[in-house]
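Peer 1: If you read the protein sequences in the order shown, they are chains A and B.
Each residue of the first sequence is one higher than the one before, counting from 2 in this note's numbering.
Each residue of the second sequence is one higher than the one before, counting from 1321 in this note's numbering.
In short, the hints are calculated from the structure, not lab data.
Computed from a predicted structure; not experimentally measured.
The beta-carbon is built from N, C-alpha and C at its ideal position, and this holds for glycine as well.
Treat each hint with caution, since some may be false.
[Claimed, not checked] Here are some of the chain A residues that sit facing chain B, going by a computed Cβ distance under 10 Å:
#1 14
#2 20
#3 25
#4 27
#5 29
#6 30
#7 102
#8 180
#9 190
#10 191
#11 192
#12 197
#13 201
So you can see what is in the structure, the chains are spelled out below.
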Amino acid sequence: MKILTTVKKVVDVELNIHVKDGAIVEDGLQYVINAWDENAVETTVQLKEQTGAETTLVSIGGGDNTDIIRRCYAMGIERGIHIEDPALDKADSFIYARVLQKVFEQGDYDLVITGKQAQDTDNGQTGIILAEYLGLPCVSNVIGVEVIDDKHLKVSRAGDAGTEIVEVELPAVITVDVSINEPRLPQMRGLMMAKKKKIEVMDLAALGTSAEEIGCAAPKSEVIEFMESEKRSGGRKFEGDPAEVTAQVVELLASEAKVI
Amino acid sequence: MNPYLMSFLILVALAVFARTMTGRIKLLMALEPADRFNRIKDRLVNLVVIAIGQKRLVGRARERSSGIMHAFIFWGFCVLLIRSLMLYGEGFQEGFRLPVFGHENLLGYLYLVVKDIMEGIVLVMVLYAIYRRAVIKPKRLHNSFEAYLVLAMIGILMISDLLYDGARCNLVNIYHAAGISYLNHPGYGPEFAWTPVARAAASLIGGLGQPALDGLMQAMFWLHICTQLTFLNILPLGKHFHVITALPNVFFKSLDYPHDKPKLLDLEDEDAWENETLGLNHIHQLTWKQGLDLYTCTECGRCKDVCPAYVTDKPLNLFEFNDHLKHELLENADNIIKRAELVRQLEQCRDQQEAEKIKEKISGLNSQKQLVGEVIGEDTLWACTTCRACEEVCPVTIEHVPRIIAMRQGQVLMAEAYPKELNPALKGLERNGNPWGIGYDKRADWAEGLEVKTMAEDSDVEYLFWVGCAGSFDDRSKKVSKALAQILQKAGVSFAILGTEEKCTGDFARKAGNEMLYQMMAQENIETLNNYGVKKIITACPHCLNTLKHEYPQMGGNYEVIHHSQFIARLISEGRIRLKPSVSGALTYHDPCYLGRYNNVFDQPRSILKDVCQGSFKELERCGQESFCCGAGGGRMWMEENIGKRINLERTEEIVRQQVSSVAVGCPFCLTMIEDGMKELEKEEEIRTLDIAELVAMSLA
Ligand code: SF4
Ligand code: SF4
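Excised from the complex, chain A in its bound form (with noise of 0.2 Å):
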């Protein structure tokens, strides 16, 4: 079986995100991998220790993503593609679905697994895009999967109303939950050797396409403007005789949270 895994870098969303100017403020902020990728590599590293697939990741833009590709590495990845191209820089998730599409096509891959949304825009598109454009099968929201034989997964994913499970033919598109796995952290004696291990880096061109086939120029989505989020206040605590406080409470919820 070949495995591809996608991987996006995003901002650290543990940290408090500034606006200046309808921009980010890119001072004091750092990146790494999104979580729900996280748990895609994970996944894939599991099959590869269950089937002895091979394991091919690729990650789209975001500048230097050395380090995350690194960390994929010292999980378990074996091979590590990196698309960096200018025309990118305005990507919605249709673009990074294109581009996919393209690597999914130069590899001869049986199983596309990708985290289902980005802690950076949420949009939780680009996975099931890729697998429209592609022309497969694709299961969501995955919180666990299971190999049947080369040609056939069972996989569980949350539906609305519970688990459902599947069985997909190969090759698909899976999109996993964080709920599926706990990421493994990089392995020590990984992390020294993937300092050796090459990363393959590639423009558009390189790719076998161009800016144009991509649809680089027209984005179906744009960034026009980014807002800080509101503050949350924090909660307020009521001590005393509990006649009184809920008193007090009632009271409040009326004359200042207006719910009553």
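Once you have looked at the hints, place chain B with the ligands on chain A.
Peer 2: Relative to chain A, chain B with the ligands alone:
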């Protein structure tokens, strides 16, 4: 008596003994190096105080009776050494005396008194030791055949010598009554006036006539000699090897810092990854001093008696830990010696092919057993909180913790086998420089509105207040940071914090074997600190204190680091702050391991607490040097504790038993652990858990 028999016995016994000892010493020499030959004077002081003075045996209130027993047996042995020499002399020439201990010298008589009384005391001690093992049965003791055998032999040595003397005493009297000098020398006889115990023995055999006495003397003599030579040869085979190795082991103990600091591993060295030399992965990677430690363990069990892990039923029994390592070491002795020889050859080998061959041979000599997994259990290795209680009570100064950390390094770096619950904390460290994983940009949020400067704003200050991760991110500990800032401001101390530039010191990562993350943290911190030219640091966290003070110098960070309790005590004594006792009710204090046992700070916290307390100050049952860990050290704060009783509960119950209204701590992790314990016991309303800084801030006049 019989020079031929005597010579024969001595030769055989010494030959066997020399053979065993050469094997043991060769094995030590084949182990890794340890630099323990410096500062001879300090080492001699340790030797005199700890080994010869038996400090850890007679000095511990909890173990005084057995300590005194052991000390007297030991001192008795020292005294009797001279006597033994004379006895061997008698084998060749009856009535032999060492020159200065002869009849002509007062010293000879004085020695006899001491020897005689010591013999009596040792005999009583041996009887007490047997009674203790057989009847009292202290829990820490591991009863073995060897233990009884050795006690019996010591008993035989004393009895035979006393009867020998007793028989001679009676003979002398018989000779004198007949007007003859014993051994044709008038000097024999008066000495017995000095030896009450021998005379008591003499009166026991008072009814015997001359031939019987002659026979008894002969029998006792040879019994004594044979027992002694057998004893000598039994020593190296078991736990009684300590009779020989304890003195050197104490002599070679660590100086200054209480044990070997974790080795600064060269993580860039590719060969080290290849050859698995990072951390302790194979038995041959022990240092010779660690080997000597294993030889020396007396199986007394004092260590496990105070070990928080053992006491709360974790599978960590230090005496077994040592024993298993020792067996593994001895089982592999031949291979280890061969291996060391090959390594030497390899170093000198210039020929590529030859070198490959040697390398192959070397790897074939590794032990067949996994050090962690087969020799030492994983749960055993990870149960340790690195509290050092064990090391502090060990009479022969065995250092357990460095070994444990080195084995953890091996597990983390080489085998990737460690408790996975650590992952979130490690990841938080890597990304945001703190085990909570909270965004690093929120590190100084606690100080909002307090007018605390950061170094970036003004680095022209005398002190850096190192806040630490808990003080920065843990809601409870943030209050301690605020209290300390308030005290410093009140005293007009010139200080600043690093704010978002501070990162975890890496203590827990290092103690959990993750040298890579530790070095990452340390390197970045040292860079920041050196950039600002920081010289003096105050911190409220003993783990930060210990790492900044003792471990950062390994990487080029040299600072004067002081715990807030020490600093506050200084502010009080200099009159820079004044306190009015404002803490009502009785107060007790829990000594943090990394403040007390690691850094010897015991008095300042107590003196401060006595100043703020209106009621009485009570010590806990286990306090000071023998304080009981809260359970959070050594990375345990970030691991599950699901075997046995929880350590923090054991400690909290002890605090509750003291019937106090507050317990003071000096460490953010102790604060969390004990407060959690109080909540679990539903005592948090009755007994407040507070940091020293909070108590002082409450009492500022
Ligand atoms: S390590 Fe020390 S305290 Fe523990 S059993 Fe051995 S000698 Fe006794
Ligand atoms: S350091 Fe503490 S927890 Fe570890 S073995 Fe020693 S006494 Fe037990």
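Peer 1: Each hint needs a verdict: does it hold in this structure or not?
Peer 2: Here is how each hint holds up against the structure:
no. : hint : in the structure
1   : 14   : holds, 8 Å
2   : 20   : violated, 14 Å
3   : 25   : violated, 14 Å
4   : 27   : violated, 13 Å
5   : 29   : holds, 6 Å
6   : 30   : holds, 9 Å
7   : 102  : violated, 32 Å
8   : 180  : violated, 15 Å
9   : 190  : holds, 5 Å
10  : 191  : holds, 9 Å
11  : 192  : holds, 7 Å
12  : 197  : holds, 9 Å
13  : 201  : violated, 23 Å
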